[in-house]
Structures are given as C-alpha cells and as structure tokens.
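Participant: The listed protein sequences correspond, in order, to chains E and B.
Okay, so the first sequence: first residue is 111 according to the working numbering, each after it adds one.
Okay, so the second sequence: first residue is 2 according to the working numbering, each after it adds one.
Calculated from the structure, these hints are not laboratory results.
Careful, some of the hints might be misleading.
[Stated by the list, open to error] Here chain B is said to cover these stretches of chain E; the calculated rule only asks that three of the stretch's residues, wherever they fall, bring their Cβ under 8 Å from a Cβ of chain B:
#, region
1, 237 to 249
2, 370 to 381
3, 439 to 451
[To be verified] Derived coverage of chain E by chain B (criterion: at least 3 residues anywhere in the stretch with Cβ under 8 Å from a Cβ of chain B; other residues may be distant):
#, region
4, 161 to 169
5, 254 to 260
[Said to hold, decoys possible] Some chain E residues judged to face chain B by a derived CB distance under 8 Å, without partners named:
#, residue
6, L152
7, F183
8, L230
9, Y234
10, M361
11, N412
12, I436
All C-beta atoms in this analysis are idealised placements derived from N, C-alpha and C, irrespective of residue type, glycine included.
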Amino acid sequence: MTITTETRPGSAAIQNRRQSIQRSLIILVVITVLAAFAPALLPESSQTIAVRVLIFAIMAIGWNLMSGYGGMFSFGHAAFFGIGAYTDVYLLEHFGWSPWISLVVGAMLAALVAICIGYLAFRYKLRSAYFALATFAFAEMLRLLATNTSWVNGTTGFHVPLLPDNSWSMLQFAANAPQYYYIGLALVVICLLITMFYLRSRTGIHTVAVRDNEDAADALGVNVMRVKLTTMALSAAITSVAGMFYAQYFMFVDPDIAFGQAQSVQAIAPAVIGGVATLWGPLVGALILGPLSDLTAGWLRNPPTFLEFLSGRGGLDVVLYSILLIVIALVLPKGIVGSIRDWWKRR
Amino acid sequence: MTGPTNAGGAVPSKDGTALRGGSRATSRLSLRHSTPLIVTGALLVVLFIAALLRSGSMGITGQALLTGIISGGVYSLLAMGLTLVFGVLDIVNFAHGAFLAVGLYITYEVAHQAGLNPYIALPVAILGLFVLGLLIQLLLLNRTMGGTLERQLLITLGLSLLISNVLLLVFGGDPLSANLKSDPGVHVFGAVANLSRVIALGGALVLAVLVFLLLERTSFGRAIRAVAASRQGAGLVGIDVRLVYAVTFGLGTACAGAAGMLIAPFTTITPTAGDQFNILAFVVVVMGGLGNVMGAVISGVIVGLVEQLGGVAIAGQSPLLGVFILFLLILLIRPQGIFGATSS
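Whole structure, please, built from the sequences with the hints as guidance.
Facilitator: As structure tokens, then:
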C-alpha cells in the first residue's frame, strides 16, 4: 500500500497536475451522465442497491482521503458515520430540523471530533498500528456511550418520523422514489470534487508530502500537525454525510448500525478493493461491494444444488468480500484502479 | 503508509525505537521504571474505593474483585497470544477474537454433537487452532512479511470477517451454549464463583506458565526470542525465520483457541462472540507493552479488575467503558505500555 505520487518539482509538475485534473473532471462528467440514466435502465427494485453503492462510495471517499492520501490508517470511521447519522435523527426528532441543516451540523461535529482525536494522537506521536487502534477504540467508545445513554434512546435508537408527502426540505420521499438516488449521486459527485480540489490545493499537496516523508516535509517548513488535522477533519465531514444520508434513506439508526465495527469496515473495504489513494478506487469498490449482499441473498433463496445446505443462512456476502479483501491485499496491494493505472503506464 | 522508514524491521525505524523500544518480545519485566506500575496500582485502589462507596456494600465489591480476577486471567491468556504475534512478527492481528470464536464452536461441537465433557475440547482446540494459525502464516502472511503494517492489518481484518461469517453460515446466528452438566458455586472469601470460571482461571494460568516456560527454557523459545530481537541476525545464525514465524503465529492462535474453550461453559456462543474479546485483548496488549508477554499477563488481570470494579463504580454505563477510557489514556500518555521502557 505504499503509494506512488506524481509530484515533481518545477513547472512541468504544475502543468501535469492541471492536465490531470482536467482529465479527472472529464471522467467525472462522463460518469455522472451515465449514472444519471441508470434509473431508467435498471428495474425499480434495484434502487436500494444503487443507494447502498452511493453510501459506500461516500464513506470510502472519506476514508480514502485520510487513510489513502493522508497515510493515517483509520479503523474507526464508524465514529464519523455515526455522528452524522445521530445528529440527523436527533435534531429531527427533538427540534424538527431539516436534514440539510443536520448535514452541516453533523459534518462540523464530526470534523471537530476528528480534530480532537487527531490532536491527541499526533501530540503523543501515535503512528500506524497505534493510530489505527486509537481510532478503533474511539468508535467503540461512542458505540458504548450511545448504547447506554438514555437521551439518544439507548439500544432502541431512532426511527425517522414518516411524513405524509414527499418533501425536498425534509429529504423524505416515497419508498423507491428516484429522488433518493439523485440526491445520493449529487452527494458522491460533490465529495469527489472536494477530494479533487483539496488534493490540488496547497494543503492537499502537503498532505501527500507528509505521508511520503514526514520528516522531510517538516524540514521544508510544512506545518505537519495542521495539515494532518485538516485532512482528518475533511475526511470525517465527508463520512458524516454518508451517515446522514443513510439515516434518511433507511429511516432507522441504532448504536450498532451507526457506530459498529462493521460500519468502519464498510468504509475501508471499498477503498482497499478499488484502490487506496486513487480518485476512482472508492467508487469502483463500492460498485463491487454494494450489490454483493443482494446477489448472495438471491443465490441463497434458490441455491444451486452444491450450495443447498446454505439455504436460508446469512453471511455469504461478507465471506465473499472478505476473501476479496484478503486476495487484493495479497496480490494487488494497489487495488483494482491502482493496478490498472500502473499497467497502463508501463504499457 | 507512514513512509518508507516503516517497512518491516530491516531498518531501526523512527517509531520503532520511539514506541517499541526495549519492550519488543521480552518476557521479562522491566521494573526500572516502576512509576507507571505504582500509578496503576493507585488507580485500582481508587477504583476499588469508588466501587465500595457507590455500591455501599463490601459483598458486591468483593464479588466484583473476584470476577475481575477470573476474567482477567482469561484475558491474560488471550492477550499473551496476541502480544507474542506482535512482538515476533510485527503483525497486529485483528483476527484474534475470531480465533477465540473458533475455540468456542469447537467446544460446542464436542459438548453437544459428541456429548462429551466440554473440557475434552481443550487439546482439540489448542491443536486445531495451532494448525490453523500455522497454515495461515505459511500460506498468507509469510508472503507479506517485511511489507507495510497496513497490508497485514487488512489481511487479518479480512480473516476476522471471513472466520466469523463462515461460522455464521455453518452454525447460524442463534446463540448456542456448551454448559457443564453441573456447575456448582465455589466460595472464595465470601464471594461466589461458578466452578467453570474457577477452572477457566486455573487453566489460563497453567497455560500461560507453559507458554512462558516454552519461551524461556526451550531452544525453540530461544529461537523465537532471537527472531524477535533481530530477523537478520537470527537468519544468519541458521534459524529458519519463516518456520519460527509460522510456529509463533500458531502459538498465538492456539492461545486464543484455548481461551475460547475455557470460557465456553459460561459464554453465549455466537459467531461474533470474539469481537468483544478482540477489543479487550488489544487493551491488555497495549497496556502491557506490545510484545511484552509478562506485561500482558499482569495487564490482563488489571483490565479484568478495571472492567468489573468500573462496572460497579460507574453504574448504568457499560463496564467496557472504563476499559476504553483506560485504553485511550494509555495510548495517548504511555503508548509503550506500563511495562515498556521509556523512549530512549
């Protein structure tokens, strides 16, 4: 998972970067246009799958920014996802606030929490495994707190109150309404744009430099702490948006869903399978993992004869994607997109 | 991903010297820096008094003390395996809890399908998980040795998901049990513990001593310690480093399997039962100093006590909360663990 970068000194690099962002923008437009037509082509029943892909994508884009480009391996992104989800349902239930306001509040809260975790962790020079364990412990702690705190309904969690009509301001539509898909798609595109322009900014370039060689970056006058914290905050904010959208779409949140270990894994797995520290990796990974649970559920409803004994059992989807995760980590440490990019360059 | 200096043990990396310092895979305690130990002891006393004041009853607090020591013994055994793998192989094994779950299901099979006394499963669990760990190291992890830490972390994370979901596929998600036919209470200083729990503590301590003796008194144990100290050096004097890796990983998973078997009679057996222990084992390992076997044994008991006494002292919250606060404090203030040497 060591990542190659294209930052070279001199004007050639700047030229390169300008070209590469133009290319990325073109790809993004093409993808968006294609994705916009998807609901017309796919059956209505596949909408849940499509929305799940989009949620995975947002989470993985957030994780990738911090752990891929920033080199800070997080195993606790459920913390930020959960903060987004809980801010949304809490403000909705108690104050009737629009999810769009909660989106901003949740993102700010998640960023603030990320800055606190990051500051403490980097202040005491926690690195790699220690840092991963600290983020993991933090997410677990939030899960336990949510489970045992009565003003967020403890283990029961929250149901999003059902509205009689479609409402853009309250981000609620009839089940399977195409609006959910388009809002999710818009969020993914915005998150990708944020990533692209952040990586192009001064702080973004410093982020990659700090990841590649912290001491050298420090010696060249980069404010390492500020750069790391900015990246973490942005990553957390993006992931919290996924939490808000999840809560609005599935209309239910409890501590295990929001802060559980599985949620952290769902931020990591698409990015790793698609390609760590690549712009499109999280998207590709989400496209692979999103449909998996529905596919396997379909297989297990009418299993082929050699899988007869599995009928009615759950867990096959995770078995498949954990195998995928292991194989990718063993054989293609750069993920699908990273490996294709390398192959393309070597050609 | 922390940069090129972090690639394996070839170069004494910056964070390697700063964090793991003298504590890598040592089985001896470094008592030169005894202040953290005193602070920890004082904290436990404060926690004990807090629990006493909160509950207002010596009985409840004494019971928490006994339960804490017993669960702490099991954590010690579990964490011993985890810390050994980290100290020797530099792998943070996220699948450790899943291996414990395999031990639970082996015990269930022996107790229910074969109708035997669950303790017959102990050698089966130890041997079965030793072989499983050996194969995993030989087939998967040996290929990535010397690579980045994150790559191995991802593989063990994948393994953890794989194992718990294969268990879910095969056994289903319903909770199972492997209770003893009769499990009388045993009185210890006014507190009561079930026989199975007392056996778990005794078994864990015996096994911990055996692992310790294996490391300290046998030539293979010396080879393991040599590899932990320096892979290159050990290879140069003719030690088969890859074999040592495989056997060490096997030993680590065998510890998890044994711990799983020992707690099976009083634990609800589910595919994800190991997750909670995974977290606890990490707390213990970090507290004892990553790679420090003896530190893990003592920290296991401390964590067990913090969990139980903390559960009484901060009633209403999960007992694990106290453990997590402790974990974060240690990670942030003393990441080398309370038994690790200070940064040199």
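Participant: Taking the hints in turn, state whether each one holds.
Facilitator: The hints, checked one at a time:
1. 237 to 249: n = 10 at 8 Å, threshold three: holds.
2. 370 to 381: With 3 residues closer than 8 Å to chain B, the region 370 to 381 of chain E meets the three-residue bar; holds.
3. 439 to 451: Holds, because 3 residues of the region 439 to 451 of chain E bring their Cβ atoms closer than 8 Å to Cβ atoms of chain B.
4. 161 to 169: violated (count 0)
5. 254 to 260: Held - the region 254 to 260 of chain E has 4 residues with a Cβ nearer than 8 Å to chain B, which meets the minimum of three.
6. L152: 28 Å, violated
7. F183: 5 Å, holds
8. L230: Holds, about 5 Å.
9. Y234: 5 Å, holds
10. M361: The hint is violated - M361 of chain E has no Cβ within 8 Å of chain B, the shortest such distance being about 24 Å.
11. N412: 17 Å, violated
12. I436: 4 Å, holds
In the structure shown, a violation is registered for the earlier hints numbered 4, 6, 10, 11, in ascending order.
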